[in-house]
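Taken in order, these protein sequences are the chains called A and B. Every letter in the first sequence is one number past the one before it in this note's numbering, and letter 414, counting from 1, is 425. Every letter in the second sequence is one number past the one before it in this note's numbering, and letter 262, counting from 1, is 739.
Treat the hints loosely; a few may be bogus.
Covered by chain B, per the in silico footprint, the following chain A stretches (three or more residues, Cβ under 8 Å) [as the list claims (entries may be wrong)]:
#, segment
1, 25 to 34
2, 39 to 51
3, 327 to 335
4, 388 to 396
None of these hints come from the bench; they were simulated from the model. Where a beta carbon is used, it is the ideal one built from N, C-alpha and C, also for glycine.
Residues per chain, in single letters:
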Amino acid sequence: MALSREQIQEELKKALGAEQVVTDETVLKESSLDRYRKFEQVHEIYTQPIPAAVVYVKSTEDVKSVLTFANANGINVVPRTGHSAIEGGLETAKENSIVVDGSTMNKVLKIDKENMQVTCQCGVPLQDLDDMLREQGYTTGHSPQSKPLAQMGGLVATRSIGQFSTLYGGIEDMVVGLEAVFPNGEVCRIKNVPRRSVGPDIRHIIIGNEGALCYITEVTVKLFKYQPENNVFLGYTIEDMKKGFEALRAVMVEGYKPSIARLYDGPDASQHWDWNEDKNVLIFMAEGPAAVTKATAEGIDAVVKTFEGVKAVDPKLIEKWFGGLNWGAEQIAEEKLEILATDNIGITTEVSGCWDCIYDIYKNACDRIMKEVPDMTLMGGHSSHSYMNGTNMYFVYYYNVVDCTPEEEMNKYHNQINRIICEEVIKYGGSIAHHHGLGKARAHYVWQEYGSSFYMLETLKKAFDPNGIMNMGTLIPIKHDDKNPWIF
Amino acid sequence: MIRILGSFKVVPDLDQISEEEWASDPANRIDTSYVKKILSCYDESGLEMMLKFSDESGDFGVPVQLDAVTIGRKMNENYLKTLYALGFTEATRIECEKEIQFWPEWTAGILSEFMNQTERYDLVVMGNRSADEENGKVPFLLAEELGWPCISQVVEIIPEDEAHVKVRYEVDNGYCTSVVQLPCILSIGDVPCSFLRVPTLKDRMQKGKKEIHRVKIEDLGISETFEGLQPDLSLVNLEVIDQSRPGVILDGMNAEEKAEKLYQTYLKGRVEL
Ligand SMILES: Cc1cc2nc3c(=O)[nH]c(=O)nc-3n(C[C@H](O)[C@H](O)[C@H](O)COP(=O)(O)OP(=O)(O)OC[C@H]3O[C@@H](n4cnc5c(N)ncnc54)[C@H](O)[C@@H]3O)c2cc1C
Chain A
12 MALSREQIQE ELKKALGAEQ VVTDETVLKE SSLDRYRKFE QVHEIYTQPI PAAVVYVKST
72 EDVKSVLTFA NANGINVVPR TGHSAIEGGL ETAKENSIVV DGSTMNKVLK IDKENMQVTC
132 QCGVPLQDLD DMLREQGYTT GHSPQSKPLA QMGGLVATRS IGQFSTLYGG IEDMVVGLEA
192 VFPNGEVCRI KNVPRRSVGP DIRHIIIGNE GALCYITEVT VKLFKYQPEN NVFLGYTIED
252 MKKGFEALRA VMVEGYKPSI ARLYDGPDAS QHWDWNEDKN VLIFMAEGPA AVTKATAEGI
312 DAVVKTFEGV KAVDPKLIEK WFGGLNWGAE QIAEEKLEIL ATDNIGITTE VSGCWDCIYD
372 IYKNACDRIM KEVPDMTLMG GHSSHSYMNG TNMYFVYYYN VVDCTPEEEM NKYHNQINRI
432 ICEEVIKYGG SIAHHHGLGK ARAHYVWQEY GSSFYMLETL KKAFDPNGIM NMGTLIPIKH
492 DDKNPWIF
Chain B
478 MIRILGSFKV VPDLDQISEE EWASDPANRI DTSYVKKILS CYDESGLEMM LKFSDESGDF
538 GVPVQLDAVT IGRKMNENYL KTLYALGFTE ATRIECEKEI QFWPEWTAGI LSEFMNQTER
598 YDLVVMGNRS ADEENGKVPF LLAEELGWPC ISQVVEIIPE DEAHVKVRYE VDNGYCTSVV
658 QLPCILSIGD VPCSFLRVPT LKDRMQKGKK EIHRVKIEDL GISETFEGLQ PDLSLVNLEV
718 IDQSRPGVIL DGMNAEEKAE KLYQTYLKGR VEL
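Please work from the sequences and hints to get the whole structure.
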């Protein structure tokens, strides 16, 4: 028989001590969702089942004891670190879940300058880690916009990516080793080596698992030299968005490695700058040793200037803007006030596609959203992570919430927009999630996203989490209505 | 019909300047030309108040026309387009490519000339100061030039009848509500959480494309080169008042533990005395 809420709380207190188990009603409510339900969140309306407890774990042993208890009793576990998720990954989809918060496992265990790697516990905030490293002349190279919020466990669990990814890669290129706890209590460590050829790369079972397979307790990532004095910025306006994608492609294909390569469309660019006169904007940054940044910047400049409709802008405009791009708790609080005052809300959805279809994905999704969704106040986006074979598209959209309650907002607007984006991406063979994770909403498209390889994902889930207690509904939905996949 | 003129200034968004940049320049003479511009927050509150007033005026049977004016660069026209999309009737930019700061007499002079040359207004709504220079003088100087009364620290405007408006404004220890005879100037104070609403893209397409009126400063009888006109003050230096106090950040697992530490370390001794 299922344990009651009170029994779960009691057992957890017995296992960890009362001080590590939080059952305060406000905390529990706030722990039932993330920024996917931003409109509900700012109105303090909670439509998801409220968890039984939030437990603060201090060690791998603590994680092991909570997971084995939950596994034995069929209780849903939602792993959490920085609480900055935006795709529903933190929603507690089932009554009486346990939110396992690793933010108290926040020790940097070893900075290994000889082997250029740093090992830390899952709750180490990336901002703290990178600030500490920079003081010593190093960096992780990872810089998502949520750097002031996100922590190492969550960053690895979501396959996150940072603003300098074109040079340093995504988190999957940085992680060298890990420790994770599986629902049956098995603790697995993957050692830190430069490379291996010993079978499948099992790091990738852990990286990107979104808390649906295991709990990440420890992470080792690479170190890079931090040499900001050599940074070179470049900025341009470009008349035509399609040409903008072609310019990005040319820079990649010619073999340049800028740390930033971004293309903003007019509407999105106009949120950041007022010098672009509604035009699209291309920006680049070269990072590394002085000789390299100079050559990279000169090479990129020459490539970009061959495109029609390109006009260079003062690089200082880009450099200064970049300094203020990250979001911390202050911006989130300010945003909440603004949404409450105006009923105008801004959301993002990030996808990827190869060079031959990314423009079509962008164009069709924007056009359809404008036609099919009411009350839009901004529709646009940017590409911010480029690769040899394609790039990402980060849709940015705002709308006024009109004539509906916070509970109804999701199905009237957010889910509809997401649906259109996913449909267009699937149609062109792109990926519906580039770096925020599949979470719980886009999980409803998991079958189309994976195609025949869904078998592998499902087998992993069954093998590592046979009782299905790890973050139910994340990656694979628990309830799915084929006819109306986007009404939930 | 009550005709209301909203006057606004576009200023650099100082929040976008990083802490290091402020810190590296002790005199605070930061170059803001690289920063995105925004509506000065007090003016933004005023413009939203005008829209709310207009929304409510129907119930009172008082027709309202909202107009807007700004002095500044071409870039400011984006805000005028937004106001058109939100239902403003006339939007004017008084062309001025130079950055004019710390010269409230000049701003008030231009606005009063503009008002003399345009149709009669019943009400002028403007922020009580600009977010980037904080002189706090323009509404009073304009009131003096026009010979109108000026109510300051306004937080709400409520329709009354065609010749009056009800105004809520902040006084020393609270708020005061008065019925005010038109014409008058309302200088908008600190209204927490007030943001200009956002027009839909459809409204931008349908209403935001209306022609913006442009007026040259010399057409208002004021020399564009400002010859013969000099500000009374010129900015020499800015200093931050250090308001930081020594402090300790308590660490602990949760609020209870921190409260316990606070009590044991800092409060217990005093309470027992
Ligand atoms: C303003 C803003 C900007 C953002 N910008 C970026 C960006 O530039 N790039 C980017 O990639 N993302 C970005 N994000 C998304 C988000 O910050 C990332 O997904 C981040 O990796 C989440 O880290 P976190 O520590 O906050 O994790 P959480 O929010 O706590 O959790 C995220 C997911 O990971 C799982 N999880 C957390 N910890 C563990 C663990 N120890 N073991 C197993 N699973 C775990 C959770 O169950 C959840 O599914 C942004 C978010 C915000 C709010």
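Structure-based check of all given hints:
{"no.": "1", "hint": "25 to 34", "in the structure": "holds (count 3)"}
{"no.": "2", "hint": "39 to 51", "in the structure": "violated (count 0)"}
{"no.": "3", "hint": "327 to 335", "in the structure": "holds (count 6)"}
{"no.": "4", "hint": "388 to 396", "in the structure": "holds (count 3)"}
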